[in-house]
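Participant: Residue-level listing of the chains:
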Amino acid sequence: MLLEMIFAGFGGQGVLSMGTLLAYAAMKEGKEVSWMPSYGPEMRGGTANCMVNISDQPISSPIVSRYDVGVVLNLPSLKKFESRMKNGGIFIWECTNIKQPPTRSDIQVFALPAVEKANHELNNVKVMNMIVLGALIKINGIVKKESLLVALSETLPERHHHLIPLNKQALELGESLV
Amino acid sequence: MLLEMIFAGFGGQGVLSMGTLLAYAAMKEGKEVSWMPSYGPEMRGGTANCMVNISDQPISSPIVSRYDVGVVLNLPSLKKFESRMKNGGIFIWECTNIKQPPTRSDIQVFALPAVEKANHELNNVKVMNMIVLGALIKINGIVKKESLLVALSETLPERHHHLIPLNKQALELGESLV
Amino acid sequence: MREGYELIYERPGPLLSTRMSFCPGCFHSTVHKILMELVQEMDIQDKIVGVCPVGCSVFSYNYLDIDMQEAAHGRAAAVSTGIKRMLPDRIVFSYQGDGDLAAIGLAETLHACNRGENFTFIFINNGIYGMTGGQMAPTTLEGQKTSTSPYGRDPSTTGMPLKMAEMVSQFDRVAYVERVSCDTPAHTRKTKKALKNAFEYQILGLGTTFIEVASNCPAGWKCTPEESLDWVKEKMLPYFPLGVFKKPERS
Amino acid sequence: MREGYELIYERPGPLLSTRMSFCPGCFHSTVHKILMELVQEMDIQDKIVGVCPVGCSVFSYNYLDIDMQEAAHGRAAAVSTGIKRMLPDRIVFSYQGDGDLAAIGLAETLHACNRGENFTFIFINNGIYGMTGGQMAPTTLEGQKTSTSPYGRDPSTTGMPLKMAEMVSQFDRVAYVERVSCDTPAHTRKTKKALKNAFEYQILGLGTTFIEVASNCPAGWKCTPEESLDWVKEKMLPYFPLGVFKKPERS
Amino acid sequence: MPAKGYVEISIETCKGCNLCVLHCPTDCLALNTSDTNTFGLHYAYLVDEDKCIACLNCSVICPDAAIKVFKKVA
Amino acid sequence: MPAKGYVEISIETCKGCNLCVLHCPTDCLALNTSDTNTFGLHYAYLVDEDKCIACLNCSVICPDAAIKVFKKVA
Amino acid sequence: MGEAKLMKGNEALAEAAIRAGLQGYFGYPITPQSEVIEYLAREEPKHDYVFIQVESEVAAINMVYGAAGAGARVMTTTSSPGFSLMQEGISYLACGELPCVLVNVVRGGPGLGTVQPGQGDYFQAVKGGGHGDYNLIVLGPNSVQEMVDFTVLAFKLADKYLTPVMLLTDGAIGQMMEKVVLPSRMEYRPDKPWATTGKTPDRERNILTTLFIEPEEMEKRNLMLQKKYTNIKDNEVRFEEYRTDDAEIIITAFGLCSRIAKKTIDMGRDAGIKLGLFRPITLWPFPYDQLENMASRDHVKFFISLEMNAGQMVEDVKLAVCGKKPVHFYGRMGGIIPTPDEVYEKIKQHRDEGGLE
Amino acid sequence: MGEAKLMKGNEALAEAAIRAGLQGYFGYPITPQSEVIEYLAREEPKHDYVFIQVESEVAAINMVYGAAGAGARVMTTTSSPGFSLMQEGISYLACGELPCVLVNVVRGGPGLGTVQPGQGDYFQAVKGGGHGDYNLIVLGPNSVQEMVDFTVLAFKLADKYLTPVMLLTDGAIGQMMEKVVLPSRMEYRPDKPWATTGKTPDRERNILTTLFIEPEEMEKRNLMLQKKYTNIKDNEVRFEEYRTDDAEIIITAFGLCSRIAKKTIDMGRDAGIKLGLFRPITLWPFPYDQLENMASRDHVKFFISLEMNAGQMVEDVKLAVCGKKPVHFYGRMGGIIPTPDEVYEKIKQHRDEGGLE
Ligand SMILES: Cc1ncc(C[n+]2csc(CCOP(=O)(O)OP(=O)(O)O)c2C)c(N)n1
Ligand SMILES: Cc1ncc(C[n+]2csc(CCOP(=O)(O)OP(=O)(O)O)c2C)c(N)n1
Ligand code: SF4
Ligand code: SF4
Ligand code: SF4
Ligand code: SF4
Ligand code: SF4
Ligand code: SF4
Ligand SMILES: [Mg+2]
Ligand SMILES: [Mg+2]
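Residue numbers (the numbering used here), protein chains in the order written: chain A, 1 to 178; chain B, 1 to 178; chain C, 1 to 251; chain D, 1 to 251; chain E, 1 to 74; chain F, 1 to 74; chain G, 1 to 357; chain H, 1 to 357.
Hints are computed from structural coordinates only; laboratory data are not their basis.
Be aware that a few hints might be false.
[Stated by the list, open to error] Result set (DSS-like, lysine-lysine): computed pairs, CA atoms no more than 27 Å apart in a straight line: (1) D:K222 - D:K145; (2) G:K233 - H:K263; (3) H:K325 - H:K263; (4) F:K51 - D:K196.
Using the sequences and the accompanying hints, generate a full structural model.
Facilitator: Rendered as structure tokens:
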């Protein structure tokens with residue numbers, strides 16, 4: 001089993017940490033993982049993304065051009081990556097920010113009002129990405145929620161551990177949305 | 001016909017200009033010539049030398065390790081180059097400065113008190129090298145004296161042309177010594 | 001335009017419509033804007049040649065409608081020297097950041113100043129390496145935190161921030177040196193005047209002209225544009241005082 | 001030794017018997033001699049590490065009986081920094097000519113000074129590139145003829161001679177700066193004192209110490225050693241005044 | 001009486017740095033916090049139509065030259 | 001009475017720069033212009049045996065440390 | 001063996017250097033390498049190495065020279081343009097026989113280029129970008145784990161052979177995170193009697209120089225270096241083979257490309273095309289003999305070198321294969337990473353053309 | 001055709017540059033190249049070129065960049081260590097397609113080495129000492145006359161192909177005097193609409209950059225460069241043959257060594273050994289095809305590459321010969337110039353061993 005995923009959005013929307021958490025969780029479950037971020041000055045202001053591969057065997061190529069899973073949090077990313085989804089791939093898009101829905105019919109599309117939910121139900125837009133993550137694992141169960149929580153506690157610096165409950169809430173909220 | 005020559009002495013004894021004049025004169029006579037100086041910081045204070053090749057055909061290698069003609073004006077040079085003379089080669093050494101004569105018997109050795117002659121007969125030690133040159137062309141007639149005089153007038157900057165007569169004297173003095 | 005009103009300011013023509021990639025509130029943008037206002041007002045588009053460095057302003061040529069060369073990191077002064085010596089009647093400027101001009105390029109900067117190369121330095125001193133993500137610069141303030149001075153710059157191992165305007169003022173053939181900023185409208189207006197003076201002196205062939213801009217880097221400083229203005233006022237200007245350090249005796 | 005006399009001076013032990021390749025009358029020799037006198041008197045042979053540059057003094061290690069590294073041209077300050085940072089309790093000196101320290105190596109020199117690297121610069125300023133046969137140096141005097149300024153140095157295209165001692169004095173973490181010469185016995189004695197101070201301050205860890213020697217180059221200047229002394233007195237010292245430019249506040 | 005002046009701010013050029021807002025002597029500018037441009041940034045706009053005195057402070061400080069300033073013809 | 005001091009100059013180390021000669025306060029040094037060492041250089045020597053005052057000027061200025069100085073023991 | 005961590009290549013390399021006993025680091029920021037210097041800046045207080053953010057790469061390489069000469073275990077890291085600036089210093093380090101580790105996290109060139117990954121600095125690394133006859137031991141990691149393992153190995157080899165050892169990696173490997181197991185602290189510490197630490201009475205003075213003004217002396221140094229290089233060639237060649245036993249088509253690739261190649265090979269194998277990988281791990285010394293043997297095997301029909309450049313390592317492949325079999329090349333440039341699909345297509349094409357050039 | 005003069009290689013090169021219409025020279029002293037900068041300093045008042053003795057080779061190469069970009073005909077000259085310092089700038093010049101002439105009067109390396117002549121910078125010159133995929137046209141003069149002719153040619157080729165052109169010469173050729181005939185002033189002056197001279201209303205702005213942050217863009221630039229290089233390979237290969245018609249043993253050599261080779265060949269011929277010379281004149285583009293043809297001739301038994309290094313060009317020879325015939329190597333290092341006698345002995349040795357490796 002090899003899953004090739006892309007997470008994309010504006011810098012600051014937390015796409016990189018989404019990918020990191022997922023990769024970390026998968027590693028905790030004994031999987032092989034790779035995480036490859038976009039980098040360089042062009043990121044400034046612009047959009048950021050990371051490719052995450054999860055597999056049972058060693059991962060040969062960390063960089064991929066077609067994806068099983070795509071998560072996009074802004075319009076430019078949606079435009080860029082929708083076309084690169086494999087047939088039947090899972091494509092999650094944040095529908096508070098993005099006004100134009102995807103158009104492909106050969107992929108599984110999920111619209112997620114993560115920003116709105118984060119603002120109004122958890123009144124903290126920062127955890128928007130955790131909502132999306134929650135939805136994702138609910139959809140394809142790549143990793144267990146527990147693994148993500150372990151990942152959180154092991155990657156989050158001590159001084160932010162008080163935020164773990166909130167993030168847990170967000171994960172579960174996400175799960176409940178799909 | 002290819003003549004491979006070395007001129008060596010202390011920096012300031014004018015060995016480089018000796019070689020230059022000879023090469024220039026030979027060129028004027030339509031010969032192929034090459035002139036290769038020793039160079040680099042180790043020259044400082046130490047000894048200088050130049051290799052001069054004169055030939056009818058294009059000269060393949062400007063650097064040679066065995067010589068038809070050797071002219072040495074100080075002891076280190078005598079020691080260094082006597083052994084590198086070809087059998088039957090012409091070896092001229094300045095016997096005012098150098099106290100130890102060459103030892104090889106298979107080469108034509110000429111002792112020349114050029115410094116003393118320059119000092120006492122022309123009271124200008126600088127033209128010592130012209131005396132040697134005069135002797136050399138007398139010995140093997142590589143170039144005509146006239147060519148050397150042309151070379152002088154064409155290579156010497158205008159402001160030094162008043163020295164030409166003195167140099168001519170020196171050349172002729174040199175010829176008279178062998 | 002509304003009835004009875006006249007347009008008194010708009011984006012200068014030589015500033016291309018391309019969106020500048022600089023972060024919100026970054027003085028790089030401000031200086032680019034001012035430069036193109038001057039190109040328009042002084043009508044020198046056909047005479048000016050710019051050199052951009054490696055740094056955030058490496059992209060300058062995407063925004064400025066003038067001839068430009070992009071120099072290797074730190075070598076903008078050498079590149080500008082090459083251009084100006086070949087085209088003495090053109091107006092040449094070397095636009096450089098602090099890492100570029102004061103770290104890797106220090107020798108080229110100072111030797112150009114000593115020779116009195118007749119071009120204009122535009123030195124954007126934001127006390128950090130913006131382009132590469134916020135590392136310490138030679139002008140980073142004492143105690144200032146950056147990604148390579150995570151516990152604050154320690155002068156005992158990294159030295160004190162370099163005062164370039166002061167340093168270059170000592171060279172005989174440097175004609176004009178001023179440090180300016182863009183943290184207020186008043187200062188920004190002064191910046192424009194300073195750049196105008198520099199170009200005018202260059203046209204007169206008076207020698208090297210050097211304008212240091214006490215600048216900001218909200219992204220690198222990890223703060224809002226607004227907070228960056230306070231940092232400039234409270235932290236930078238006390239150490240990097242504004243003003244004219246050298247100017248030609250009027251003839 | 002004659003009856004009733006005692007030996008009061010002889011060639012210092014750490015100065016090897018190898019004949020120094022420097023030209024007759026060259027101050028490079030003088031400074032080498034002084035250095036080894038100090039190594040002997042201060043008994044620091046086992047603590048001192050020297051760095052020689054590319055220049056006539058590239059051969060220093062042939063004459064000095066101490067550990068030495070030969071640096072790339074202009075990089076002696078960087079090399080010395082590397083050594084001193086690894087061996088903080090050793091005494092490190094960077095022996096450099098003007099081309100080495102002030103031309104190609106200017107950035108490394110000034111950044112080491114700004115960081116206050118705790119080693120001693122010994123700067124042999126002879127206003128010329130001696131080793132390569134007498135080309136213009138950054139310190140060549142106005143109007144001085146060299147093989148690359150055959151009509152005399154023209155400040156309008158090559159700038160004014162760099163005053164390194166003055167320049168480095170501005171850096172906070174530079175502890176001690178003095179310009180000396182070896183043109184008279186008195187000055188030569190002062191040179192020795194200055195070098196001794198520098199080493200002592202270095203041992204105390206006070207920061208960068210910088211001794212500039214207003215030096216000569218009979219070969220490059222195309223004059224006799226005697227004439228070179230006159231040139232130093234009449235031409236160099238007026239522009240490069242001797243004296244202490246900076247010294248640590250005594251504690 | 002009508003305002004001494006007014007400004008037009010390009011929504012897409014504006015980066016929402018807020019510097020103009022801070023430096024308007026008559027506080028007639030503000031960031032639109034409820035909407036973003038295509039770059040996901042809030043943009044500045046003229047909140048108080050009649051207060052603008054065409055002093056140019058905003059256009060001078062605006063890094064991105066997003067502001068056009070108009071002045072009442074006397 | 002015998003001299004306050006005297007010097008010994010190494011012929012082969014001396015480069016004939018003449019600096020010692022110039023700076024001897026009692027003019028007791030000179031270059032030997034009639035002879036050269038193996039490097040072809042004239043060398044300095046003590047011409048005036050009884051003038052030396054062991055002031056060390058020559059050894060201080062001598063670039064090549066060619067000079068040994070001896071002082072009369074009081 | 002410690003437990004697995006998820007780390008960026010650049011940070012893993014930095015951590016590995018610390019565990020290998022790093023004593024001095026001299027570096028200048030440049031994308032995509034800056035995480036190394038940032039990591040070492042953060043960790044400095046916890047350890048006893050000296051960290052200097054230098055004024056330039058030229059200063060960096062010369063501080064490495066001084067520090068290595070003082071007997072310390074030192075490293076510098078940079079990316080392509082910065083590595084070019086170090087060429088003079090590297091030539092000095094090699095000639096002076098100073099052990100140190102140099103890392104080039106390659107980006108797409110030439111010029112300022114792009115910050116995306118590249119392999120265009122292969123020639124510079126293995127043929128000597130600096131002046132004169134010298135070589136560096138050059139290791140080409142293809143994973144975060146190898147960033148760690150080869151960093152430790154590099155310090156070992158540097159001390160063993162008294163030579164600068166280089167890691168030729170790229171932006172992708174530097175930037176990506178993978179599972180990695182970190183080594184325990186390395187103990188290997190040969191003493192360095194040649195280091196300039198101050199001349200004690202019990203020994204002659206130590207001189208570190210690369211100047212040999214007399215040609216005879218210089219040639220001696222050259223011959224000594226060449227002897228050492230022969231020794232290294234005889235003992236340190238490293239390479240990897242993947243599914244080559246019966247392979248008809250051999251992909252040669254190093255670093256990141258070797259991973260793309262593996263994926264391509266699996267695709268091919270699934271489709272019944274017998275592909276295999278020959279991966280040089282030491283780019284210098286290059287595994288000429290091993291590759292020549294491979295070329296001599298009957299089942300091997302042709303080679304194709306896969307690189308992120310215009311065709312550099314392929315020259316070494318040709319030198320090894322020496323006409324025995326056709327050698328093709330496929331590469332992408334400018335920071336573009338070839339996809340297994342396009343490589344696979346290219347290979348099929350050559351195969352259909354009978355694998356002949 | 002002017003009359004013959006007796007000139008030093010370095011001075012002849014400088015005079016040739018002036019006659020080729022030199023507009024800007026930026027140089028730093030270094031043995032054995034300094035006569036070039038000294039000559040240009042002396043002659044400056046008589047001509048209208050700009051002369052700057054720069055603070056370093058790094059400054060020099062970047063002034064060349066600016067001046068070439070401004071549309072001027074420019075040159076810099078140096079020797080080995082200085083050329084290493086220029087590598088970053090050279091990569092920029094090549095990527096930016098800026099015409100200029102770069103001269104390396106090679107000395108023996110690595111490190112500070114010796115100031116005596118060498119050929120150890122061959123790899124640096126032809127494989128790219130800087131980062132990324134680029135090439136320089138590299139000419140290898142072997143006489144003072146060729147110093148002149150190739151300097152003029154270099155300026156032509158630079159302007160024709162918009163690329164830096166390099167002269168790879170050495171200390172012996174730079175220092176020696178020979179008979180030389182100087183050319184009359186060169187007229188060829190293509191206009192340079194791309195130069196940054198100030199944007200006039202009649203054209204778009206001119207931008208000279210080597211930054212292409214988008215990989216697609218960068219690869220475009222790379223492909224464009226590679227296309228140009230192919231074009232140069234097709235049109236500018238230069239080489240010389242000497243007594244090869246019936247030669248059984250081919251000496252390959254460039255620059256100074258090609259002269260030693262000729263003398264060796266004459267010696268051999270006199271003794272009845274059929275020697276011949278294949279001399280690459282353009283070291284890049286290397287005459288691969290011509291050499292391959294040579295290798296295919298029946299009368300040719302083996303090759304021996306004669307170089308003043310540890311064996312560099314011999315790799316290109318092997319790439320060309322591609323296993324068709326044995327390829328041997330003989331070299332000296334450290335500034336030592338091989339004598340015809342020792343080369344001759346070496347060749348006889350190989351011949352007696354049946355010319356087999
Ligand atoms: C030789 C070289 N070294 C390092 C870099 C990486 N680099 C790019 S920009 C930069 C510094 C940017 O800082 P600054 O000059 O202050 O400009 P800013 O972005 O702050 O305006 C560095 C180190 C490079 N491109 N080339
Ligand atoms: C990179 C490099 N550039 C140039 C040179 C040539 N070179 C050797 S010494 C020197 C300058 C010597 O002058 P200075 O530093 O003043 O020392 P001095 O000989 O006058 O004592 C130069 C340019 C070199 N060796 N390396
Ligand atoms: S990183 Fe800093 S300097 Fe660069 S554009 Fe952003 S704010 Fe300006
Ligand atoms: S060349 Fe000049 S500096 Fe060098 S040793 Fe001779 S006199 Fe001294
Ligand atoms: S012009 Fe002046 S008053 Fe009007 S909006 Fe701008 S700052 Fe405010
Ligand atoms: S200053 Fe300009 S960019 Fe900033 S908020 Fe105001 S209009 Fe927008
Ligand atoms: S010691 Fe004094 S007096 Fe005696 S020789 Fe020397 S300088 Fe003259
Ligand atoms: S100073 Fe020394 S070297 Fe010079 S002449 Fe006197 S003894 Fe000889
Ligand atoms: Mg900055
Ligand atoms: Mg000097």
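Participant: For every hint, state whether the structure bears it out.
Facilitator: Now for the hints, and whether the structure bears them out:
Of the supplied pair hints, the one linking K222 (chain D) and K145 (chain D) holds, its CA atoms being roughly 10 Å apart against a limit of 27 Å. Of the supplied pair hints, the one linking K233 (chain G) and K263 (chain H) is violated, its CA atoms being roughly 35 Å apart against a limit of 27 Å. At roughly 24 Å between alpha-carbon atoms, K325 (chain H) and K263 (chain H) fall within 27 Å of each other, so this suggested pair holds. Our distance criterion of 27 Å between C-alpha atoms is broken by K51 (chain F) and K196 (chain D), whose separation comes to about 32 Å.
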